[in-house]
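Here the protein sequences line up with chains A and B, keeping their order. Heads up: the first sequence is residues 1 to 107, going by the working numbering. Heads up: the second sequence is residues 1 to 233, going by the working numbering.
Calculated directly from the structure, the hints in this document are not laboratory data. Do not take every clue at face value.
What the hints assert, rightly or not - Computed from the model, here is a short list of chain B residues facing chain A with C-beta under 10 Å:
#  : residue
1  : Met1
2  : Val25
3  : Gln30
4  : Val33
5  : Leu51
6  : Arg52
7  : Lys55
8  : Gly57
9  : Met58
10 : Asn69
11 : Val70
12 : Tyr71
13 : Gly97
Stated by the list, open to error - Cut-off 20 Å, straight-line C-alpha distance, at most; resulting in silico cross-link-like pairs (PhoX-like, lysine-lysine):
#  : chain 1 : residue 1 : chain 2 : residue 2
14 : A       : Lys10     : B       : Lys94
15 : B       : Lys34     : A       : Lys10
16 : B       : Lys94     : B       : Lys64
As the list claims (entries may be wrong) - Cβ-to-Cβ under 10 Å is the rule here; a few derived chain A residues that face chain B:
#  : residue
17 : Arg4
18 : Val28
19 : Gly32
20 : Pro37
21 : Gln75
22 : Pro76
23 : Arg100
24 : Phe102
Fair warning: this is a prediction, and the values are worked out from it, not measured in the lab. Beta carbons: idealized from backbone N, C-alpha and C, even for Gly.
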Amino acid sequence: MLNRDEDILKAAEDWHKSGHGVALATVVETWGSAPRPVGSNLVINDDGTFLGSVSGGCVEGAVVTEALDVISSGQPKMLEFGVADETAWNVGLSCGGTIRVFVEKVG
Amino acid sequence: MQLATLAQLNVERAARRAAILVTDVASGEQRLVKAADIAADPLRNELSTQLRMGKSGMVEAGGKRLFLNVYAPTARLVIVGAVHISQALAPIAKSLGYDVTVIDPRTAFASPERFPDVPLIAEWPDVALSPLNVDRYTAFVALTHDPKIDDPALLHAFARDCFYIGALGSRKTHAKRGDRLRAQGASDADIARIHAPIGLAIGAVSPSEIAVSIMAEITATLRLPAKEKEQAA
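Can you make the complete structure from the sequences, with help from the hints?
Here you go:
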C-alpha cells in the first residue's frame with residue numbers, strides 16, 4: 001500500500017514516541033520540472049528507515065544522509081538539488097528541475 | 001518540528017480539518033494554524049490565499065521568508081450504489097489515496113463479499129450521509145440508476161459543495177433527472193455541477209473501464225485549472 005501524507009506524518013509521531021530520533025524533510029521550492037510538488041514530505045528515522053518522497057527517488061538517498069546529521073545536531077538544514085548543482089553527477093535530478101528541501105528534527 | 005506541533009497536525013488531519021504549518025526557514029521557528037483560526041491570524045491574507053488554492057509555498061512577511069505548508073484533508077470518494085462499476089471503482093480510488101465509502105440501501109448489493117476492505121453502509125442516503133460529514137474535499141458519485149436513491153444523495157452533494165459530483169445515466173436520463181431535482185429545489189447551477197454522462201470519453205465499455213474514466217474525470221477536476229478542465233471534459 002502506498003503511503004499517504006497522514007500515514008507519513010503519523011509514522012513520524014509514532015517513531016518519536018517509541019524513542020527514535022526523527023527528521024522531517026519538506027519540498028519548499030521547485031523550479032522547472034520537479035517530480036513532487038511543494039509541500040511534499042519525507043520522514044526519516046535514526047535507523048535510516050524512511051517514508052514518503054521529495055523527488056522521484058533521485059535525491060532521497062542524499063536527503064536521508066543529511067537527515068541523519070540533522071537528527072544528531074538538532075540544527076535544521078536547507079538542501080538544494082538540481083542539474084546545475086556540483087553534485088549533479090551523484091544526486092542531480094534527471095528531469096532537469098531544481099528543488100529546495102528543508103530538513104528539520106522532530107521533537 | 002516540536003512533537004506537540006506534529007501531534008496537533010495529526011489530530012487535525014484525522015478529523016479531516018485543514019491546517020497550515022508556518023515555518024521560518026531561516027530560524028526553523030514554526031507554528032500550526034488551524035483553518036478555523038485563520039481569520040484571526042496576522043497572516044490571514046496569505047494563509048487564506050494558499051488554503052483556497054490548496055497550494056503550499058514560500059511567502060515574505062515582516063522581513064522573514066516563511067514557508068506555508070497547506071495540509072488539506074485527504075480527498076474522499078463517496079460512492080452511492082454498490083453496483084458492478086463500484087466494485088472496480090472502489091479499489092482504484094483507494095490506490096489513488098482516496099478514503100472510499102460505498103452506500104446502498106439494497107443489502108443484496110451492499111454485501112462485504114462484493115466489497116472486501118471497503119467501508120460499506122447498507123442504508124438509505126438520508127440516514128447514511130449526514131454522519132459522514134461530506135465536504136468540499138469529497139468527490140461524490142451516484143451510480144444506482146434509481147432516482148429514489150440517487151436523487152436525495154445528489155441533493156446532499158450540492159449542499160455540501162463536493163469538488164466533484166457525477167451521476168450515471170445517458171443524456172436523456174440526465175435531462176429527466178434535472179427536472180426531478182429542480183422540482184425538489186435544486187438550482188440550474190446545481191444541476192450544471194453534475195458530470196453526466198459520467199466519466200471522461202475514452203470509449204469505456206466494461207465496468208472496470210467506466211471506473212477508470214470516472215476516476216480520470218475526478219482527477220482532472222481536482223488537478224486541472226478550470227480552462228483545461230473544459231477541454232478534457
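Tested hints:
About 5 Å separates the beta-carbon of B:Met1 from the nearest beta-carbon of chain A, less than 10 Å, and the hint is met. Taking 10 Å as the C-beta cut-off, the interface hint given for B:Val25 holds, the closest approach to chain A being about 6 Å. Look at B:Gln30: its Cβ gets to within about 8 Å of chain A, closer than 10 Å, so that hint holds up. Against a cut-off of 10 Å between C-beta atoms, the interface hint on B:Val33 is violated, since the closest Cβ of chain A lies about 15 Å away.
Here the hint on B:Leu51 is broken, as its CB sits about 12 Å from the closest CB of chain A, past 10 Å. Evaluation of the B:Arg52 hint against chain A yields a violated restraint, the C-beta minimum of about 15 Å exceeding 10 Å. Interface restraint check: B:Lys55 against chain A, minimum CB-CB distance 7 Å, threshold 10 Å, status holds. With a least beta-carbon distance of about 6 Å to chain A, the hint placing B:Gly57 at the interface is held under the 10 Å criterion.
Below 10 Å, beta-carbon pairs count as interface contacts, and B:Met58 has one with chain A at about 6 Å; its hint therefore holds. Hint on B:Asn69 holds. Least Cβ distance to chain A is approximately 5 Å, under the 10 Å limit. With its C-beta approaching chain A no nearer than about 6 Å, B:Val70 sits inside the 10 Å limit, and its interface hint holds. The criterion of a C-beta within 10 Å of any C-beta in chain A is met by B:Tyr71, whose closest approach is roughly 7 Å, and the hint holds.
A hinted interface residue such as B:Gly97 counts as satisfied when its beta carbon comes closer than 10 Å to some beta carbon of chain A; here the least separation is about 5 Å, so the hint holds. This hinted pair checks out: A:Lys10 and B:Lys94 have alpha carbons roughly 19 Å apart, not beyond 20 Å. This hinted pair checks out: B:Lys34 and A:Lys10 have alpha carbons roughly 18 Å apart, not beyond 20 Å. Between B:Lys94 and B:Lys64 the CA atoms are separated by roughly 40 Å; this puts the pair beyond 20 Å, and the hint is violated.
The criterion of a C-beta within 10 Å of any C-beta in chain B is met by A:Arg4, whose closest approach is roughly 5 Å, and the hint holds. For the restraint placing A:Val28 at the interface with chain B, the shortest Cβ-Cβ distance is roughly 5 Å, inside the 10 Å limit, so the hint holds. A least Cβ separation of about 16 Å between A:Gly32 and chain B goes past the 10 Å threshold, and the interface hint is therefore violated. Using the Cβ-Cβ criterion of 10 Å, the hint placing A:Pro37 at the interface with chain B is satisfied: the shortest such distance is roughly 8 Å.
For the restraint placing A:Gln75 at the interface with chain B, the shortest Cβ-Cβ distance is roughly 8 Å, inside the 10 Å limit, so the hint holds. At about 4 Å, the closest approach between the beta carbon of A:Pro76 and any beta carbon in chain B falls short of 10 Å, and the interface hint on this residue holds. Interface hint status for A:Arg100: upheld, as the beta-carbon distance to the closest one in chain B is roughly 9 Å, under 10 Å. The beta carbon of A:Phe102 comes within 6 Å of a beta carbon in chain B, closer than 10 Å, and the hint placing it at the interface holds.
Consistency note: the structure conflicts with the earlier hints numbered 4, 5, 6, 16, 19.
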